[in-house]
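> Sequence:
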Amino acid sequence: MKQTFLSAKLHRVNVTQVELDYEGSCAVDSNFLEASGMHEYQKVDIYNVTNGERFSTYLILAEKNSKTISVNGAAAHKVSLNDVLIICTYTSLELNEIALHKPTLVYFDGENNITDIKNSIPEQKLHSI
Numbered sequence: 001m002k003q004t005f006l007s008a009k010l011h012r013v014n015v016t017q018v019e020l021d022y023e024g025s026c027a028v029d030s031n032f033l034e035a036s037g038m039h040e041y042q043k044v045d046i047y048n049v050t051n052g053e054r055f056s057t058y059l060i061l062a063e064k065n066s067k068t069i070s071v072n073g074a075a076a077h078k079v080s081l082n083d084v085l086i087i088c089t090y091t092s093l094e095l096n097e098i099a100l101h102k103p104t105l106v107y108f109d110g111e112n113n114i115t116d117i118k119n120s121i122p123e124q125k126l127h128s129i
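Here UniProt numbering is used: the first residue of the sequence shown is 1, the next is one more, and so on.
Errors might be hidden in some of the hints.
When the alpha-carbon atoms are kept at most 27 Å apart in a straight line, the in silico BS3-like pairs for lysine-lysine are as follows [unchecked claim]:
1. K78 to K2
2. K67 to K43
3. K64 to K118
4. K125 to K43
5. K43 to K2
6. K102 to K2
Have a look at the derived ranges for each label pair, beta carbon to beta carbon [unchecked claim]:
7. V49 to N96: 17 to 23 Å
8. Q17 to L100: 18 to 24 Å
9. H39 to L100: 19 to 25 Å
10. E63 to S120: 27 to 33 Å
11. S92 to E53: 21 to 27 Å
12. Q17 to A99: 17 to 23 Å
13. M1 to S128: 16 to 22 Å
14. Y41 to K118: 23 to 29 Å
15. A99 to A74: 37 to 43 Å
16. E19 to L126: 27 to 33 Å
Source of the hints: derived by calculation from the structure; they are not laboratory data.
Quick reminder that beta carbons are idealized off the backbone N, C-alpha and C, glycines included.
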């Protein structure tokens with residue numbers, strides 16, 4: 001039985017363009033795709049940290065070293081310039097693959113510079129009230 005797991009994410013990357021009348025749904029700097037293992041035309045889920053919107057779309061290439069995150073077409077209605085996004089891909093794993101699975105997590109600063117790449121998220125600790 002397969003289960004779905006996070007494969008890769010671009011964490012807290014900023015929208016640099018919004019193009020309502022452009023073919024393709026989310027253009028991403030090809031360096032970001034390479035760093036994360038994401039691919040052109042791959043399905044992604046996008047979580048808008050700024051306004052709470054969530055939607056699925058696919059990736060297209062943006063110019064290398066441009067730091068571009070351009071949300072295009074119908075998805076452009078879900079974002080504004082400078083919104084903070086989390087862009088995720090997922091994979092299906094067999095039960096025997098789960099223990100070895102490590103996602104690729106790419107972190108950004110406010111200017112879309114990659115600040116870190118990790119393979120795990122620290123355990124969340126609860127704060128006392």
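> Sort out which numbered hints this structure fails and list those numbers smallest first.
Hints 1, 4, 7, 8, 12, 13 and 16 not satisfied by this model.
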